[in-house]
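Chains as they are written, first to last, in the working numbering: chain L, 2 to 192; chain G, 23 to 266; chain E, 5 to 287.
The hints are simulated quantities; they were obtained by calculation from the structure and are not laboratory data.
Since no wrong hints were added, every one of them can be taken at face value.
Restricting the straight-line Cα-Cα distance to at most 27 Å, the calculated cross-link-like pairs of lysine-lysine (BS3-like) are: (1) E/233 - G/139; (2) G/75 - G/110; (3) L/173 - L/112; (4) E/11 - L/109; (5) E/233 - G/148; (6) E/11 - L/112; (7) G/89 - G/75; (8) G/148 - G/181; (9) L/185 - L/173; (10) G/110 - G/148; (11) G/110 - E/45; (12) G/81 - G/110; (13) L/148 - L/185; (14) G/139 - G/181; (15) G/110 - E/233; (16) G/81 - G/95; (17) G/136 - E/233; (18) G/181 - G/75; (19) G/127 - G/75; (20) L/185 - L/112; (21) E/45 - G/127; (22) G/139 - G/110; (23) G/82 - G/95; (24) L/185 - L/109; (25) E/45 - G/81; (26) G/95 - G/75; (27) G/181 - G/89; (28) G/82 - G/181; (29) G/127 - E/233; (30) E/45 - G/75; (31) E/233 - E/45.
Here the structure is a predicted model, which is why all the values come from computation and not from measurement.
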Amino acid sequence: MKRKIMFTAAILSAALLCSCSQNAPDSKQQALINEIVSDAKSVTLATEKPAEEAAAAPERETTASLKKESSEPVADYDVDIDLTEMNPTMIYATVYDIVTEPEQYLGKTLKVNGFFDTGYDESLDTRYYFVVIPDATACCLQGLEFKADGRNYPDDYPETRTDICVRGTLDKYNELGNDYYYIKTDMLVET
Amino acid sequence: MSGQRGTPQLICEDLSLGYDGETVAENINFTVCEGNYLCILGENGSGKSTLIKTLLGLKKPIGGEIKHCGGIKQGDIGYLPQQTAVQKDFPASVREIVYSGCIAKCGLRPFYSKAEKALADEMMGKLGITELSRRCYRELSGGQQQRVLLARALCAAQKMLLLDEPVTGLDPKAQADMYELISTLNNEGITVIMVSHDFAAATHYASHILHIGAHTQLYYGTTEGYLESGVGTAFAERAVSENG
Amino acid sequence: MAEIFQKLQLYFSYPFVWYALIVGLLIALCSSLLGVTLVLKRFSYIGDGLSHVAFGAMAVAGIFGLTNNNYIVIPMTVISAILLLRTGQNAKINGDAAIAMISVGALAIGYLLMNKFPSSANISGDVCTTLFGSTSILTLRQDDVILCVVMSVIVIAAFLLFYHKIFAVTFDENFVRASGVRANVYNLVIAIITALIIVLAMNLVGSLLISALIIFPALSAMRVFRSFKSVIICSAIVSVVCAGSGIFISILSGTPVGSTIVAADIAVFLIFCIISLFIRRKA
Chain L
2 MKRKIMFTAA ILSAALLCSC SQNAPDSKQQ ALINEIVSDA KSVTLATEKP AEEAAAAPER
62 ETTASLKKES SEPVADYDVD IDLTEMNPTM IYATVYDIVT EPEQYLGKTL KVNGFFDTGY
122 DESLDTRYYF VVIPDATACC LQGLEFKADG RNYPDDYPET RTDICVRGTL DKYNELGNDY
182 YYIKTDMLVE T
Chain G
23 MSGQRGTPQL ICEDLSLGYD GETVAENINF TVCEGNYLCI LGENGSGKST LIKTLLGLKK
83 PIGGEIKHCG GIKQGDIGYL PQQTAVQKDF PASVREIVYS GCIAKCGLRP FYSKAEKALA
143 DEMMGKLGIT ELSRRCYREL SGGQQQRVLL ARALCAAQKM LLLDEPVTGL DPKAQADMYE
203 LISTLNNEGI TVIMVSHDFA AATHYASHIL HIGAHTQLYY GTTEGYLESG VGTAFAERAV
263 SENG
Chain E
5 MAEIFQKLQL YFSYPFVWYA LIVGLLIALC SSLLGVTLVL KRFSYIGDGL SHVAFGAMAV
65 AGIFGLTNNN YIVIPMTVIS AILLLRTGQN AKINGDAAIA MISVGALAIG YLLMNKFPSS
125 ANISGDVCTT LFGSTSILTL RQDDVILCVV MSVIVIAAFL LFYHKIFAVT FDENFVRASG
185 VRANVYNLVI AIITALIIVL AMNLVGSLLI SALIIFPALS AMRVFRSFKS VIICSAIVSV
245 VCAGSGIFIS ILSGTPVGST IVAADIAVFL IFCIISLFIR RKA
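Hey, can you work out the whole structure from these sequences and the hints?
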């Protein structure tokens, strides 16, 4: 009887899995990620949508062709941390380590698969871009912020929740007295 | 079978036994002297196991007192308890089990001294189980297992043994062997207190009988006296009729 | 083969993989030592029961929002261990019924509290991780590792110091008491060590799988070996080897760590069963 109760409890708690975010050390990113995630279920880009679709179509064609060969200025190189070659367990652990001990990874190059998402902070009039990395059971999400110079939103960016591959160097910036870590992107393709 | 000899070792005066506030038996009075072979008889539930636990110091008597003398202190009694199911299937070598008899001598020391190991080896030799020392306990027969436990009890105390139904579950040959062994030990000077159901064996081997029943002590004295007493004859008849 | 080597080399350049291995091996060692005693005392479920109490304690700790949950989890688990391992003798509530009551109660109330007072945004993820330990061993910080090493040293030292007494108390508690040794003290030591190990082991394999970590190595060893000492040593070796290989396999093929280790334990148990058949036939 006890076994049955435990088993049911385990199944129930597993079934209650919902997409949500990992505790990031920065509260601002945390708030934004929370927002993104709660939006993620019912994505309505409303007024932006028609414009985005039109913009996305040609963009998708160009970025699709970027998949195999990079027409970006920087040629392909061996990154320090290639998360695209790792299995889900290691990806989760490595991203967690990057998020919790970012100082150790400053200056390292990395390549990561995930899906694209973006958030806008009205008070600062700044838009943030994220690559969101789910774990194997899609139970836990982690996100890394990235900045790609020379791109304009929304034309040069993929649609939200599109699978992307981001490559770049880990760097940090300071906003309102806090350090934030991000990937200084030199390659962003849809996968 | 010898009469009363040697110095008194254990004196129970007006003992009242029980637990959780309930009295199981009262007015228990007896004396165990050096070299005695005392057999405790009684029905199930008469309080035999409570008496043993009290003698061993595992329970406090409700009333009366137990006096230790003649060189015996509390804890100087080698105990052979009834086996549990867990033990019958225990993965331990005979040597490890016999060594554990010396556990009280170690105090806080985390290992056994040479003297303690020598004592254990001597006891194993005495009981004829030295060849079994490396064997696994659960592979032994019932009689061999009891001998191992007896060796352990002797390691704990060399002067007095308390045996709780030592032949339970043994086949008749093993039972007979066990009784002979205990008798030999008794003849070497070890005081024996045995709890038993076995009327025939008790009256054959023991020097003294303590019969508990009806919440009190029905008889204490020599075996000869017991056989002639009313209690003894009644018990004998019942035993005979039960055994067919 | 060379590929695997290369991959391992790459993975081991990350500190968290080293942490996982160190902690994993230590926990496996400690739980196997105790596993033999617990299995023989017929307390195999205690791993389950106590881990659920620890889960509930974590939920309570979440309410207070402490930096390190262990300050509440460890005392609560130790107290429950003492209560559970003592009721075996008193039998007003039987040992296994007591474990069932406390363990299910803690699980339910813990989950309730976690929902009411969430300590993070991701409750279900945390619950999932706590119950199954999917990746928690790979996300350890340095102070977690230090705490684990210290506790393991304490456990192993206690076990070595009290080895003979633990054996005696496991084999025959009544005899030990009759000899004048305070068996209760050693039962207490066993209870406290068990609680510490379980709190640690929740990081490795999660609550639901802890019992496996405690039981399987002991049972495997008992199939084949004949003295208590050899059973303990074999159990320790089996446990460490399975934990190590479980961790390696899991980081190479992306399977969840806890389940992989338990799968390795089960495989070894089956192997030992087969070996024991051959030994019996010879004897």
